[in-house]
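*Asks:* Residue numbers (the numbering used here), protein chains in the order written: chain S, 1 to 274; chain V, 1 to 274; chain L, 1 to 274; chain B, 1 to 253; chain D, 1 to 253; chain P, 1 to 253.
These are calculated hints, taken from the structure and not from any lab test. From a predicted model like this one, the values you see are computed outputs, not experimental measurements. Heads up, some of the hints might be wrong.
One-sided excerpt, in silico: chain S residues whose CB lies under 10 angstroms from chain D [unchecked claim]:
no.	residue
1	Gly220
2	Val232
3	Lys236
4	Ser243
Idealized CB from N, CA, C, for every residue including glycine.
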Amino acid sequence: MMNIKRVISTIEKNYIAENLKKGERIDGRGLWDYRKIDISHDIIKSAEGSAEVKLGETDIITGIKYEVGEPFPDLPDEGVCTIMAELLPLASPLFERGPPDEQSIELARVVDRGIRHADCIQTKKLCIKENEAVYIIFVDMFVMNYAGNLIDAGGISALTALISSRIPEGVMKDGNLEWTGNYLNGKDLVKELPLIMTFGKIGDIIFLDPNLPEELVCEGRISISVTKDKIVSIQKSGVATFSIEEIQGLIKRSMELGREIRNKLDLWQYKVDK
Amino acid sequence: MMNIKRVISTIEKNYIAENLKKGERIDGRGLWDYRKIDISHDIIKSAEGSAEVKLGETDIITGIKYEVGEPFPDLPDEGVCTIMAELLPLASPLFERGPPDEQSIELARVVDRGIRHADCIQTKKLCIKENEAVYIIFVDMFVMNYAGNLIDAGGISALTALISSRIPEGVMKDGNLEWTGNYLNGKDLVKELPLIMTFGKIGDIIFLDPNLPEELVCEGRISISVTKDKIVSIQKSGVATFSIEEIQGLIKRSMELGREIRNKLDLWQYKVDK
Amino acid sequence: MMNIKRVISTIEKNYIAENLKKGERIDGRGLWDYRKIDISHDIIKSAEGSAEVKLGETDIITGIKYEVGEPFPDLPDEGVCTIMAELLPLASPLFERGPPDEQSIELARVVDRGIRHADCIQTKKLCIKENEAVYIIFVDMFVMNYAGNLIDAGGISALTALISSRIPEGVMKDGNLEWTGNYLNGKDLVKELPLIMTFGKIGDIIFLDPNLPEELVCEGRISISVTKDKIVSIQKSGVATFSIEEIQGLIKRSMELGREIRNKLDLWQYKVDK
Amino acid sequence: MPLIINDIYPEKLFREDGKRLDGREKNELRPIKMEVGVISNADGSAYLEWGNNKIYAAVYGPREVHPHHLAKPDRGILRVFYRMATFSVFERKRPAPGRREKEISMIITDCLEPVLFLELYPGTAFEVFIEVMDADGGTRCASTTVAALALADAGVPMRSLVSSVAVGKIDGQLVTDLSGIEDKAGDADLPCAITWFNEELSLLQFDGDMSIEELNESLLNARNALDQIHQLQLTALKSKYTSILEEVEGGED
Amino acid sequence: MPLIINDIYPEKLFREDGKRLDGREKNELRPIKMEVGVISNADGSAYLEWGNNKIYAAVYGPREVHPHHLAKPDRGILRVFYRMATFSVFERKRPAPGRREKEISMIITDCLEPVLFLELYPGTAFEVFIEVMDADGGTRCASTTVAALALADAGVPMRSLVSSVAVGKIDGQLVTDLSGIEDKAGDADLPCAITWFNEELSLLQFDGDMSIEELNESLLNARNALDQIHQLQLTALKSKYTSILEEVEGGED
Amino acid sequence: MPLIINDIYPEKLFREDGKRLDGREKNELRPIKMEVGVISNADGSAYLEWGNNKIYAAVYGPREVHPHHLAKPDRGILRVFYRMATFSVFERKRPAPGRREKEISMIITDCLEPVLFLELYPGTAFEVFIEVMDADGGTRCASTTVAALALADAGVPMRSLVSSVAVGKIDGQLVTDLSGIEDKAGDADLPCAITWFNEELSLLQFDGDMSIEELNESLLNARNALDQIHQLQLTALKSKYTSILEEVEGGED
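Extracted from the complex, chain S is given alone in its bound form (with noise of 0.2 angstroms):
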């Protein structure tokens, strides 16, 4: 696997380094400002469900499958929802191909976890018939392009294409899966909305939502995924460290921030009609 952290020269490094330590960002960002997101909705007709997202450069589309298939013996009444995430080659340099690296995994399971405790999906709903026949939802991000911050691009994208779904109400007849004519659609299968903010963390520095060369440079980083009013899921990632006085304050913004992000992204507006 390439070094990515490599790419950015010395030089460069520094001055990235130098210019946030007072909280000047090469792209001319405050310290706790998001780039410009773009949200298309339904844009694969193949798909059950579909959403483009750019993050200033960063770009990503996720798609939407089911299956039917047999539950969990533990969860007989609900479907699954898995995602998965591709760093497509063509999206960078500093991508390969190959089976999913670590850094796929990495945005897949960010964004799943978000989801999983959020209780966003509605996997009841997603339930055919108890013990028989349930829902297998898949949640396929591809990237792109990536210009930094896949999972906060990933979560929004994975949420949009979600809510746009559209899928075949089927019902159980005499052991048969036979299809109603009807459709279940965004507002049957979501409830809560997490986002997902990712931080930065360079000497002393933290910043929201890191472009390319900020992630090349970086320490680590910190994702936090947020409802309304919880906070459900923590990653911290890379080699930076943190002390608990700035996680603390950092909980605080991303609550903060969520609250922000969700009225002016106002999500609902890419559901579809049945």
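We have chain S; now place chains V, L, B, D and P onto it with these hints.
*Replies:* Here is chains V, L, B, D and P on its own, set in the frame of chain S:
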């Protein structure tokens, strides 16, 4: 992967090419001649059908095995025939160990496509009970010596093995498979006999049945599968390009050659009794 | 893969070999002596049986797990016992990460063959209902420290884990598996106790229980599994050759050693209550 | 998103008015949209909508070859990686690249290589990544077309563009540019590609069943369609230069 | 060995007497036992029993990096391989390393690296192998703790030890050191680790659902527990030196 | 082709006339046919029919080692790859090499290596590819025998040939050269191989159950059979030289 093109020196390549341009081949054949074809059948006791075909020094052994499985849902009354090829490292210093490479996939695919589009295998005869049980026929080609033009040799080898096969007849009784004691043979399984003709191209010269040095120096190949009165498959490979007129000429020639070889080989002679 | 034979210098090799030829071993043992054997049992709470066996500094932990599955069609009333070995890279600089290599396959296979041919596992006791449900017993050996002769240590470790095991008793009622609340223990599962004795050979010298330096310098090994009155398995490995007379001598010696160790270890003491 | 639940093939592929199910004439292409320079990280890139197909291509190179032993001392190599997104088809595709994807990658490689001057780039590789995000028949031809565009966008010296289209036979009639349903339920499929510098076919496959006469006519149908596709490629390339020009001129104001 | 047959979660995670199912108070650690130098072949090693967890860690290095291309010319690398034995859990784990094991390996790597002076070992690797032989909740924290101990046992220069523990919420109440059943049936789980040289958190994960206030309090609970674990680590290291000293002094008799 | 439908084992492995099911006496070998030089591309090759076994072996080398790190600076290496064709057995074998094939490959390697002078070929490899096209018991012994022949055909310097056979016990009686059915339904199986230069066993495996006396007698049965097989190998090698000689002499006419 070894670069097989390097095996032939530039001098040798020029020599072969220069001669070809004069219509002369290193083994003395005319441009539209096959090497000698030798066929043995029913040589593997453990297989339900088998054949060894030698095309010059190229040698391929094909064996037939079957399993009983469920049909595909969209083809509930049809059996399945899958074709595989292994380029054994025993057969040439050019072949390497490991999972199927591009050349073996190509061999299997081109033979498969000829068979699939020619109404060759009677897949409905391979149905034991609709929706429940069908035969899955495995046609496995093993290359024992590689001296060029695996595709044409493989095609004849696969056909002969199928024609020489003998498969126990099963019926479903109360949900259980029972064997009748009778057999299906090649006459039941096979209808049309698609023959594949492969042509090499170097510069402006096109020629039939490339031997190994010709295959290593030529810029591309085209394989054309024909039945008695139809073209059923074409595959161009390599970086050679062909004008539309050249293609039209080759199609015509393939139909003629196909008729000639079909008569000469008389593959139905390899049918075995039930 | 590292070439383990290179780890020992030629000088050291000659030293070990010269001494062996005088019947002297670097650790002071006689040619036919085992190192000290320490056995602990029932050490893993999550396992249905477990044992840690130290043979000198060689250390192997074995755990038993079970699943309930369908029997093989040709053995409808017999459970299945599968044996696996992992040479943990934690256990030696000579071990590498990755899928099972030749040495771990050999360890599992030799232990398995001793057990399989000795009427050791009572596979019919592992049947819950004929044709429907049997126990699949997994005997997984993990090498924790590698100091030579994994096979003999692994064999004792696997046997002790099996003897110490306790498996919930299931019955089939109306097609469903129900647990009776009773247990099967080692006395139910195990009958014969095959012991494996491994001998090294260097030049004309043959010796029992090679330690690591001896294993690295010796030209080959032979492992002989015996029950009280039968030989049940032999495996020669390495490039050493053995005369027929040597083999005949080793067989006799293995029967004698087997009786002696069988008494000394008294493995049935590790049985647990139901 | 899919409106049908079962992937059942229709009885007929022509409507009563003699047009194809999607309203096209026999030799009419589906709507095609092309754009270059869509992936900022790539050395060159292009995006193509062709009917319901949505395909991205990105070019990286000339760059180091991984693994090294694939490099050739006397020339560069071209590597094409054709992939389909899991959600690009009716039934979710497994994420790992399948045999079909490898095969199509090889075919597209062979098809593009004749227009490149690989001898100028010893020891290096051009890598073309093609991602089919939405698929509806003819993806190998569409992919070839968009890959050629991405190579041109990367400024890689080329003898000419490459254009590609599939012709075929449905319900016994010869047609141009098979849709997904026509591909599956039709009688024959003839994907081909042309290298414009010599006007020869660099991709040619055929599956189905045709007489000599039908095949000859199909090749001529393909030739006509390829001309149209070529024009669309040239327009897409020009519009990028036009917009750059506008930016530059705008900057001079 | 497992006494229950089904892995069913209990209704309540507190007993009537207000204690946890295993008899602990809310902020009480499970019994912990540590020992260093347990694997004679390793450069450093440690063994940890923490409740029913049984974990070995072995350190090899600094040594050559395989595969070579992972080596860094200007510094050493740390590689951690966390694995679970097939029989360490209720349902037999498949032998091949899974996604979860790779993820935890990466987390532990990130968490230990800040205390090492990797810049002193260019081109080499420290490899830490962690084998969970018996698992009962909190294995990532226990593994981090025992791995730090093994590194110290190997004599690798370190800025400080690293200690780790999980706190969380069960039945709505905040607790310290979740057991296996509490981890699965509880409301929230907050594994964290501290690097003592700067007293900052080098591992921090959270899954579940907590208000800001609960999370703040949990972090303080963790801080208290980490102090206790640190003392146990120091004791384990000292007892090795004590026993070496005794041997040496005994040898002088 | 298989005449039976189920792979059911017979009750008895001896007929009423005291002969084995295939009509052999207890210590009679199955019919054996050997030929060398059968694969023109190989440096050496051989073909063996032994009962219903049909096995090819080809030798390539001394040649470069892939991957390079397997090469040894002070000597050559021998690599044996034993494979079974998918259709060589009753139930179709999966195409990927299985554990059994790797294990047998290793055993045959160990068994052939003693007769080679690998120290003369530093840094290179001899690769022996064995393909079992039709299998009926005793393939590891037959493969060893044919591989030794292929090495000799390749002109690789050898201390001696290697011959191999399996003896064993069926229905309580000791026999020579177990057939497939005898191997599966029998009581014990003892494959062994001899290196003729020192007349010692270089392959020895045993599975089943025998007393000391039975094992001792079986080893003597093996020794007798090995002599016969050795003669057949020598004859096969000679007949190639004879035919070459005839060609040469014929050429002088």
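*Asks:* Would you settle whether the hint for lysine 236 (chain S) is holds or violated, based on the nearest Cβ-Cβ distance to chain D being less than 10 angstroms?
*Replies:* Interface hint status for lysine 236 (chain S): holds (4 angstroms vs cutoff 10 angstroms).
*Asks:* Hint glycine 220 (chain S) vs chain D: min CB-CB distance below 10 angstroms?
*Replies:* With Cβ-Cβ at 7 angstroms, under 10 angstroms, it holds.
*Asks:* Verify the interface restraint on serine 243 (chain S): the C-beta must sit less than 10 angstroms from at least one C-beta of chain D.
*Replies:* Cβ of serine 243 (chain S) sits 5 angstroms from chain D, so the hint holds.
*Asks:* Grab the minimum C-beta distance from valine 232 (chain S) to chain D and call the hint holds if it beats 10 angstroms, violated otherwise.
*Replies:* Holds, about 5 angstroms.
Hint check: no violations occur; every hint is consistent with the structure.
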